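Trainee: So you can see what is in the structure, the chains are spelled out below.
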Amino acid sequence: MAADAQSAPRMPYGRARLIALGRATKPIREASGIARALFWAGVVITLFFVVLAVFAPLISPYHFNQYRSNGIRFPQLAHPSAAHWMGTTVQSSDVMARVIYGAQTELKVVVIALAMSLGVGVPLGLISGYFGGILDRLLVLVMDAIFAFPYLLIAIVIAFVLSTSSIGGGVFTAAIAITAAYVPLYFRVVRNHVISVREEPYVDAARALGARPRTVIRKYVFFNVVQNVPPIATLNAADAILLLASLGFLGYGIQPSQGAEWGYDVSRAVSDAASGIWWTGLFPGFAIVLLVAGLTLLGEGLNETLNPVLRLRRFGQFEFAEREPREEALLDE
Amino acid sequence: MTGTSLRTYLLTRIALVLPMVFILLTLVFLLMRVAPGNPIQASLGGHVPAAYVHQIEHRMGFDKPLLTQYGQYLWDILRGNFGSTITDNRPLSQIIKQNGAATLELTFFAMLVALVVGIIVGLLAGRHRDTPLDVSGRLFGIVMYATPPFFLGLIAQLVFGVWLGWLPISDQASPLTQALLKTHTNILFLDAIIDGNWTALWDVTKHLILPATTLGLITAGVFIRLIRVNVIRTLRDDYIEAARARGIVERRVVFHHAFKNALVPVITVVGLNLAILLGGAVLTETTFNWPGIGHELYVYLQNRDYTAVQGIIVVFALVVVAVSVLVDFINAYVDPRIRY
Numbered sequence: 001m002a003a004d005a006q007s008a009p010r011m012p013y014g015r016a017r018l019i020a021l022g023r024a025t026k027p028i029r030e031a032s033g034i035a036r037a038l039f040w041a042g043v044v045i046t047l048f049f050v051v052l053a054v055f056a057p058l059i060s061p062y063h064f065n066q067y068r069s070n071g072i073r074f075p076q077l078a079h080p081s082a083a084h085w086m087g088t089t090v091q092s093s094d095v096m097a098r099v100i101y102g103a104q105t106e107l108k109v110v111v112i113a114l115a116m117s118l119g120v121g122v123p124l125g126l127i128s129g130y131f132g133g134i135l136d137r138l139l140v141l142v143m144d145a146i147f148a149f150p151y152l153l154i155a156i157v158i159a160f161v162l163s164t165s166s167i168g169g170g171v172f173t174a175a176i177a178i179t180a181a182y183v184p185l186y187f188r189v190v191r192n193h194v195i196s197v198r199e200e201p202y203v204d205a206a207r208a209l210g211a212r213p214r215t216v217i218r219k220y221v222f223f224n225v226v227q228n229v230p231p232i233a234t235l236n237a238a239d240a241i242l243l244l245a246s247l248g249f250l251g252y253g254i255q256p257s258q259g260a261e262w263g264y265d266v267s268r269a270v271s272d273a274a275s276g277i278w279w280t281g282l283f284p285g286f287a288i289v290l291l292v293a294g295l296t297l298l299g300e301g302l303n304e305t306l307n308p309v310l311r312l313r314r315f316g317q318f319e320f321a322e323r324e325p326r327e328e329a330l331l332d333e
Numbered sequence: 334m335t336g337t338s339l340r341t342y343l344l345t346r347i348a349l350v351l352p353m354v355f356i357l358l359t360l361v362f363l364l365m366r367v368a369p370g371n372p373i374q375a376s377l378g379g380h381v382p383a384a385y386v387h388q389i390e391h392r393m394g395f396d397k398p399l400l401t402q403y404g405q406y407l408w409d410i411l412r413g414n415f416g417s418t419i420t421d422n423r424p425l426s427q428i429i430k431q432n433g434a435a436t437l438e439l440t441f442f443a444m445l446v447a448l449v450v451g452i453i454v455g456l457l458a459g460r461h462r463d464t465p466l467d468v469s470g471r472l473f474g475i476v477m478y479a480t481p482p483f484f485l486g487l488i489a490q491l492v493f494g495v496w497l498g499w500l501p502i503s504d505q506a507s508p509l510t511q512a513l514l515k516t517h518t519n520i521l522f523l524d525a526i527i528d529g530n531w532t533a534l535w536d537v538t539k540h541l542i543l544p545a546t547t548l549g550l551i552t553a554g555v556f557i558r559l560i561r562v563n564v565i566r567t568l569r570d571d572y573i574e575a576a577r578a579r580g581i582v583e584r585r586v587v588f589h590h591a592f593k594n595a596l597v598p599v600i601t602v603v604g605l606n607l608a609i610l611l612g613g614a615v616l617t618e619t620t621f622n623w624p625g626i627g628h629e630l631y632v633y634l635q636n637r638d639y640t641a642v643q644g645i646i647v648v649f650a651l652v653v654v655a656v657s658v659l660v661d662f663i664n665a666y667v668d669p670r671i672r673y
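As they're listed, the protein sequences go chains A and B. Going by my numbering, the final residue of the first sequence carries number 333, and the count climbs one at a time with no gaps. Going by my numbering, the final residue of the second sequence carries number 673, and the count climbs one at a time with no gaps.
Here chain B stands alone, though its shape is the one from the complex:
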C-alpha cells in the first residue's frame, strides 16, 4: 500500500482546521462587538469627554459599519496585527513577545512537572491496581483535579513563602535581577544561561519553582487518570499474556512491554492539555503576579479594556488550534496507522 504521505496529511489537516479558526474568530468578534454597551466608554470609565471617546472610536474604526469592521478585523489578524489596547495603547504584538515569553517559561516547566508526577503516580497506581497505593494515587489525582490552581498557589505561598521562608511568592525575578539581566529571548531562564549569569539563574529558578509546581500538579491529575487506565488496559492485552507465557519475568513484562505502550497516548494528551494549561496559567499567573499573557488578561479584564481582551483571546485561540494541528502531526509521524 502506498499510504498517504506525511505532507499530504499535514496539508489536509490544516485545510480542515481553517474553517474552525474562522468560526472562532467570528464568534469572538460577534460577542465583543455586537454585545450591548459601548466598549470604548466602558474601557475608559465614566468621566471622559465625549469628544475623546469619539476620537478613540475613530482610531479603532468603531465608527464604521459592522461588516467593514469585521473585514478589517479578519484582514488584520491575517497579517498578524492583533491591534492595540485602549487603556495604555500598547500593541498586542508587544504583549505577545514580552509576556508570551514569561507564559512560555511557566507552562514549559509546569508541563515538565505534570509529566514527571503524572507518569510516576499513574504507572504505579495502574501497576498495583486496587491496592492502597492505587487508591492513594487515584485520590491524589482527584484532589489535584478538585483544587483550583489559585488555591494550591495560595497554600504554596503560605507554606513555602511565609512560614518556611524558602521561596519568593511573587514576580518572575527579583528587581535587581530584572534590572541587570540582559534581554536576549525575553525568557529569563534562557537569558541567564546565555549570559552565564549564575546568580541570576538561581534567582529566576527560585521564582519559578512555586508557580511551575502549582500549575504542574494541577495538570498532573489528568495524566494520572489517563496513564493509570492505560496501564490497566495494556496489562490485560494479549501480547502481555504472551510475554508472560514465554516465561519472561514479571518485572520485565511490566517495564519493557507494558509501560512503553501505555505511554504512547500521552503525546495526544499533552497537546489536549495545553488548553487546560492555558486556562490554568491565567489563574496561576494572577496568583503569583507572574508577568505572563494570562496575568495581562487579568489586568485588562479589571480595566475593562475591550480590544486588549479580544486580542489576547484571539491569540489564545490561535495557539490552541496550532497546537492541536502540531499534536496530530506528531501522532501521524509516530504512528503511521493514523494517516490513512
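The following block holds chain A by itself, in its conformation from the complex:
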C-alpha cells in the first residue's frame, strides 16, 4: 500500500493525456486487495454474461424453443446428461439453451429499460431542478409518491395494464414496466444534484455572460450531474434483472414464445421441485443470482471510484508523511 501510494502519482502526472483516466481509475488501483478483487470479479462475471448474450446462437447447443433435433423429440424432464448438460424441461426443451438465451433476454430488456429510464428521468430532473417553480413542486410530489411504492408493484400494475392491450408480452412491454418503476429514482438523484449545482459560481458566471438556460443546462449543469449516473445505473441494472425475473415469475414478463426468461423458467420449475426435479429450476436461478451479484459488485466498485463522497472515506487512512514525495514528483515535471 505504501509503495503503491508513492509510485502511483508518477504515472498519472507523467503523461498529460492519461491524467484524466489515471485520476478516474486511481481509487481502484489504490483499493485494498479485497475491494479490488470484488470489483474485478464483478467485471468478469458481467462480461461473461455479455459474451453469452451476444454469441448465444454460437454457444448454445440448441435454440431456446427447440424441443427436437433431427426429427427426434428430446426426452421430457431428462436428467443432465452428455446430450443435455443441464437436462430438459417438461416441454422437452434444453435447459442449457434456455439459460444461455436467457442472458440475451435479460440484458436486452435491462438495457432498453435503463435507456428509457435515463431518457425520461434525467431530462425531467434537469428541467425540474433548474427551473424550479410549480412544475418542480408537482413533479416532486408525483415522483415521491411513486418512489414510496414497491418497485415490483409498480411494474406489475404497468405490465398488467399493458397486457390487456395489443402491445402485451414482449421485450418492449417488460422494458416499459421496469422503466416506470425506475424513472422516479433518476429524477430524484438528478434533480437534487442540479439544485446544488445551480448555485455554483461557474453556473452563475455562465448566466451572467448571457447564456440561455438551454445552453447552461447542456454545457455546464449536465456534465456535472451526469457523473453520478453510471454507478447508479449499474446497481440499477442489477435490480432491474431481479425485477424482470420477478415479473416473469408472476407470468407478466416475457411471453415464453418471445424469448427465454430465467424468472419464468423458475416459476415453471416450482411444480417440478415437489417431485425432486432440481435441474429445471436450479440452473436458471443460479444464472439470475450470478448476474445480479456480478452487476452489484461492478456497481459498488464504480461507486467507490466515481463517487467523491465515498472516495473521501479513504483519506481517513492517509498518512501525512507521504505528502512530500508527492510534491517532489510534481515539481519534477
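It should be emphasised that the hints constitute simulated quantities derived from the structure, not laboratory data. Quick caveat, the model's predicted, so the values are computed rather than measured. Glycine is no exception: its CB is placed at the ideal position from the N, C-alpha and C atoms. Mixed in with the good hints there might be a few duds.
[Stated by the list, open to error] Pairwise CB distance ranges, derived in the manner of DEER restraints:
#1 A/111 - B/523: 40 to 50 angstroms
#2 A/40 - B/622: 55 to 65 angstroms
#3 B/421 - A/274: 21 to 31 angstroms
Chain B: place on chain A using the hints.
Mentor: Only chain B this time, still in chain A's reference frame:
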C-alpha cells in the same frame, strides 16, 4: 426551547402525507381505467354474452362518465370500501381480513429473521472490517440481495422439503389443522396459542419456517449492509476515541458504546424495508402457496381481475404510506432532534 410537541409533529406529518395518498390513488385509477381494452371483457374471458358484460359493467359503475367514476372511487376508499372482485364477487374487505392475517403472520416472522441475521452478520462484519469475516459477511449480503425470493424458496423446498423431508413446502397449515382450529384472529399462529392447541401450533410453525426464513434472509441483505457501514462509521467517531482514551477495554467500547448507536437507524430501515418486504411477500407467498394477500394478487393477476388487482394495489399503497408515517412518528419519539 419549547420545541414542537409530538402531537403537532404527527399532525403535520399526516397533513403532508395526504397529497401523496391522493396522487397514488389517482395514478392507480388512471392506469387502471384509462388504459386501452375493456377490463370487464378481459376479466371474464372471450366467451361471455355481451348482455352479461353490460350487467357487470353497470354493477361496477363502469358505464358512468369517467369523472363520476373517479369521484365514486375516492369516496368509496374514504369509507373503507375497496370494492369487490369481478371473477368471484368477493369483497376486498374480506380478502384484507382473511388473507391479510396470513400476510401479517408471514411478514412478522420474516422481519424477525431478517433482524436477527442482519444485526449479527452486520455487527460482526463491521467490527472486523476487511478481514475474511467481513468479506464473507458482505458477500453473503450481496448473494442474498441477488437471490430472488422465489429461487431461494425453491432451493429451500428442494433441500428441506424434498431431499431431507423435514418440512412441508406449501400451504399455511395441514388440512386437518385448518379444519379443526377455531378462528379467533385469522392469524393461525395466534389462534393455536389462544386455544392452547399445541399440535396445531407445531403444525403451523413447521409450515411457517421455510417461507419466513426465505423472505427474512432476502430482507436481511439490506440490514447487513446498513449495519456494517454504521458500525464502521461509529467506530471512527470521536466519542469512541474518547472512550478508548479513557482506557475502557476495547470489548466494552465496541459492545457498550458503538453497537447501540449503530443500531439506531435500524428503526427507519425496518419501516422502509416494509415496501421491499411486501414486494417479496407477493413472490414468497406465490412460491409457497401461502394464502396471503400477495398470493391472492397473483391469483387475480392470472385471472385478469381488474377490480381485484386495483383493490389490492390500493391496499398495499395505503399500508406503505401508513407505515412510513408510523416510522417517522417512532423516530420522532425516540430522537427529539427530528421534530424540529
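Trainee: Does each hint hold? Answer for all of them.
Mentor: Structure-based check of each hint:
Evaluation of the 40 to 50 angstroms hint for residue 111 of chain A and residue 523 of chain B yields a pass: the beta carbon distance comes to about 48 angstroms. Range check, residue 40 of chain A to residue 622 of chain B: about 42 angstroms between beta-carbon atoms, so the 55 to 65 angstroms window is missed. Under the hint 21 to 31 angstroms, the C-beta atoms of residue 421 of chain B and residue 274 of chain A, about 26 angstroms apart, fit the expected range.
Comparing the model with each earlier hint shows a violation of hint 2 alone; every other hint is respected.
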